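Trainee: Sequence:
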Amino acid sequence: MTAARSAEGTCAGQVPAGRYNRADMDKVYAPHDIERRIYERWESHGWFAPSGRGAPYCIVIPPPNVTGTLHMGHAFQHTLMDALTRYHRMRGDDTLWQPGTDHAGIATQMVVERQLGARGIERADLPREAFVEQVWQWKAQSGGTIAAQMRRLGDSVDWTRDRFTMDAGLSRAVVEVFVRLHEEGLIYRGKRLVNWDPVLLTALSDLEVQSEEEEGQLWHLRYPLEDGSGHVVVATTRPETMLGDSAVAVNPQDERYERLVGQTVRLPLADRSIPIIADAYVDPAFGSGCVKITPAHDFNDYEIGLRHGLPQINIFTPRAALNEQAPERFRGLDRFEARERIVAELAAAGLLERTEKHKLVVPRGDRSDAVLEPYLTDQWYVRIAPLAAPAIAAVEQGRTRFVPESWSRTYFEWMRNIRDWCVSRQLWWGHRIPAWYDSLGNVYVGRSEAEVRRKHDLPAGTPLHQDDDVLDTWFSSALWPFSTLGWPERTPEIAKFYPTSVLVTGFDIIFFWVARMMMMGLKFMGEVPFRDVYITGLIRDEHGEKMSKSKGNVIDPLDVVDGIDLGSLIAKRTTGLMQPQHAPQIEKATRKQYPQGIPPHGTDALRFTVAALASPTREIRFDLERVASYRNFCNKLWNAARFVALAVGDAGVPAGAPASTPAAGRHELATADRWIRSRFGRAVEAVEAAFGEYRFDYVAAALYDFAWHEFCDWYVELAKTVLQSDGASAAAKQSTRRNLVEVLEALQRALHPLAPFITEEIWQWAAPLAGCTGPTVMLQPYPRAQDFPADDAAEREIGWVQAVVLAVRQIRGEMNVNPSRRIPVLLQAASATDRAFLERNRAALERLAGLGSLTVLPAGATPPPAAVQLVGELRVLVPMEGLIDASAEVERLGKRLARARQDLEKARGKLASESFVSNAPAAVVATERERQAELERAVSELQAQLARLRGLLP
RNA sequence: GGGUGCUUAGCUCAGCUGGUAGAGCGUCGCCUUUACACGGCGAAUGUCGGGGGUUCGAGUCCCUCAGCACCCA
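Residue numbering for the first sequence is 0 to 953, as defined by numbering that gives the first Met the number 0.
Some hints here could point you the wrong way.
Unchecked claim - No farther apart than 27 angstroms at their CA atoms in a straight line, the calculated lysine-lysine pairs in the BS3-like style are these:
{"id": "1", "residue 1": "LYS548", "residue 2": "LYS591"}
{"id": "2", "residue 1": "LYS587", "residue 2": "LYS571"}
{"id": "3", "residue 1": "LYS26", "residue 2": "LYS719"}
{"id": "4", "residue 1": "LYS548", "residue 2": "LYS138"}
{"id": "5", "residue 1": "LYS571", "residue 2": "LYS550"}
{"id": "6", "residue 1": "LYS138", "residue 2": "LYS571"}
{"id": "7", "residue 1": "LYS571", "residue 2": "LYS548"}
To be verified - Label-pair restraints from in silico Cβ distances:
{"id": "8", "residue 1": "ALA792", "residue 2": "LEU565", "range": "51 to 59 angstroms"}
{"id": "9", "residue 1": "MET577", "residue 2": "LEU805", "range": "55 to 63 angstroms"}
{"id": "10", "residue 1": "ARG52", "residue 2": "GLN595", "range": "48 to 56 angstroms"}
{"id": "11", "residue 1": "PRO389", "residue 2": "GLU684", "range": "33 to 41 angstroms"}
{"id": "12", "residue 1": "GLU182", "residue 2": "TYR436", "range": "17 to 25 angstroms"}
It is worth saying that the hints were derived from the structure and are not from the lab. Note that this is a predicted model, so its numbers are computed, not measured. Where a beta carbon is used, it is the ideal one built from N, C-alpha and C, also for glycine.
Working from the sequences, and respecting the hints, build out all of it.
Mentor: What follows is the structure in structure tokens.
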């Protein structure tokens, strides 16, 4: 690749004529073909790779599920990451956006199991190796989807560095971390209660539990006292667990039961004796104040059991059916069947006192939605508190910064109450735990079986069996910022890019991922994994609902880009539903909302939209109307470029006429040219500030406003007054052409991070005309504000022009004067400055306001009856003769007068207050005084004008 | 029970360290002006959730109430 331009980024040089005439450009921007072609070119030239020069800038992508597809949330976050990446690349940083995908253990395994199920195959029917092979095949088959989607979205990731969490390198990192943590005693194996998913047959971490309040019942059961003196009543939401009870507990303060503590009850059905114990955990106000204690099936009871040395009686099989601990007749029954049978038997025996409705919190698996069981099993845990402490400190000390800052509170809250992390999963798809067992049950942890044998002196003949379990997917994700860069090797990429610059992710995975990366990064790299964490909101539909397949409100980002007809959209939303009965409802809603389907908008419009929506709020409603408005913006930009192409024409812009080059033969810039450059500089300044604080909405707004409301609305129109005037010199015209092309070119660079495709397309022909060389806009320097310095004089002058034009347009608009009708305008009370501005900008005023004539009235002259607008002290008069109805004008002025009077009253009130005048800063008081004076002038003018007009009315 | 957000124009949302309420979409009026009708020009629209306080001055700071959403237990 050629170093296209110096870092200073001046544009100067010979301009080839003729080659770039784009007068034949389509009238309407057609993104589809352009985008694909452009992306292929970027990628094939290797332009996404770090340049090897400049300050390192690195973002690691939150790895999407390898077999999944990108949804709108991805499109949103990828846009922001890509904008940052392109911006920093253009600023000359050595920029890496590291791509990759996640093996997503449970999610992927479930998909493959479902596929096999459709072919009548159970996972258990296959040997482990065969199943895992099936998953790899599915990955190979579907894994390209995400990459294809990312290419359509324009993501400038370095594809040559693509990583997958199950790659050999990353797997090595996983093993290394596991072994080292184990060596330090930070990973241990233990038998304790875990959240068990009886459908997926695996343990889950606390974070994968979704607790929801649900309607249930509270059963009040009678447990007979052993001595026959009566019974106690225990209340439970889970009567079936009574078979595993080891005690009944009361609060030690509870006088009602004081005498019972120490006695025993006869546990019905199970026919066992269990003690009555006292424990402060028991809430005397709940139910009867007596609770049954089931240490093997309830987290609180487990703790109580440990305190009192109670037996842990496991009554469930892994599928949550009753096991051999239960009486014969219950064995094999599912937990919910068992519940009914047990309640029935207790009722028959007169041991069911009563039943009441009760709300309870039910834990469900976030993947299976199955009701989870607290279940006693052997699992591997990470002792997390020692890892959390430095991660808390790092954020406290500002070594990692949350943006918006308030999310650090959420982070702290969780980290300070963190609990050990269960990392083993009873799955087949994932990183197998690097632990081996001998026939005696001894456990050996090591990087490989060979290492284990070596380290523990185990002869080759000793049979060893590797742990069957795999690690939680998030275990490998936690290493992502350094494993992708080559760790545990000491690679140049690690030296350069770690710590990474920023992590862009949603608040939903602060605990799952951000916190764990912080802990692992600090532990193994000795430094935080990223300087900034930019937390995005979550994309919702236009009603604020979460987008989900089951709700049928999902919008595929590529459907917004390419468009989709109604039939295909309905098909997409209604096939493969978990609950097919919802299909008609979804179809109806879809038909209503998108009767025409979704029209194509192009990638840039989608990107601009999500950037504009990225304000620092938690919930971002995706609105297709909004995309349409940015598609219109792209079209506007396209047509502005067409205009410039037509204006420049075949001739090109001759060398020697570069407007911005401080060289001999340079033409003096016209005021309008200086003005647009000054305005552009201010826009760039705003963009720089906005990028610095991750305010992509401000970035979008600043560029949108400049491009549309300054460049298109005013500058292009001002330029026309030169280009289409007989009076302007050839040199002036050339200078204007030059400036048009230069600002257009710079604008493409400024817009490129948000709208990479259209800007590349326009830049390709605009750049040579502006004297820039280089193969692509994406490697050009980002415009710098100092190259477009503020020009207050030009801004004052053009500001005056705008005000005069607006004055005439207001009269015209409010009086419904046909825009094509050229009208005479008189200027009264013109100051020397007004006259100077007028003389320099007469042509522009006449054109932009549609004037037939523009006359300065001599002092003392009496104007004809006219509609009036004030520009400072200058009076802009539109004679009414034949144009304006006097009564309509009276009405218009009456409204204006009323408003002016109201404002004047407010200003007077303020200034009349002694406390305001003496307490407010002098500048504020002075402004208020000026304002009052101006309003007073306006009021008297309007009154006088009204009086004159009323004289004309019958 | 603990915590965090949110409540501003018909809709979706901006409003930084307190100093004359903004944008996009929509609405209304005029216009096929030779870059663009995916357009141009103009207009209307808000007791900034309620109440109280601090202040010369509050959408902005503090307290309180209400409603909505989310997280943790």
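Trainee: If a hint holds in the structure, say so; if it does not, say that too.
Mentor: These are the hints, each one checked on the structure:
For the given pair, LYS548 sits about 18 angstroms from LYS591 by alpha-carbon distance, which is consistent with the 27 angstroms threshold. With a CA separation close to 14 angstroms, the supplied pair LYS587 and LYS571 stays within the 27 angstroms bound. Among the hinted pairs, LYS26 with LYS719 is consistent with the structure: their alpha-carbon atoms are about 19 angstroms apart, no more than 27 angstroms. For the given pair, LYS548 sits about 22 angstroms from LYS138 by alpha-carbon distance, which is consistent with the 27 angstroms threshold.
Only pairs whose Cα atoms come within 27 angstroms are accepted, and LYS571 paired with LYS550 is accepted, the gap being roughly 13 angstroms. The hinted pair formed by LYS138 and LYS571 meets the criterion: a straight-line CA distance of about 22 angstroms does not exceed 27 angstroms. For the hint linking LYS571 to LYS548, the alpha-carbon distance of about 10 angstroms falls within 27 angstroms, and the restraint holds. In this structure, ALA792 and LEU565 meet the distance hint of 51 to 59 angstroms, their C-beta atoms being roughly 56 angstroms apart.
Between MET577 and LEU805, the C-beta spacing of about 58 angstroms keeps the proposed range 55 to 63 angstroms intact. Between ARG52 and GLN595 the beta carbon distance is about 49 angstroms. The supplied range of 48 to 56 angstroms therefore holds. At about 38 angstroms, the CB distance of PRO389 to GLU684 agrees with the hint of 33 to 41 angstroms. Distance hint for GLU182 and TYR436: a CB-CB separation of about 18 angstroms, consistent with the stated range 17 to 25 angstroms.
Comparing the model with each numbered hint stated earlier shows that all of them hold.
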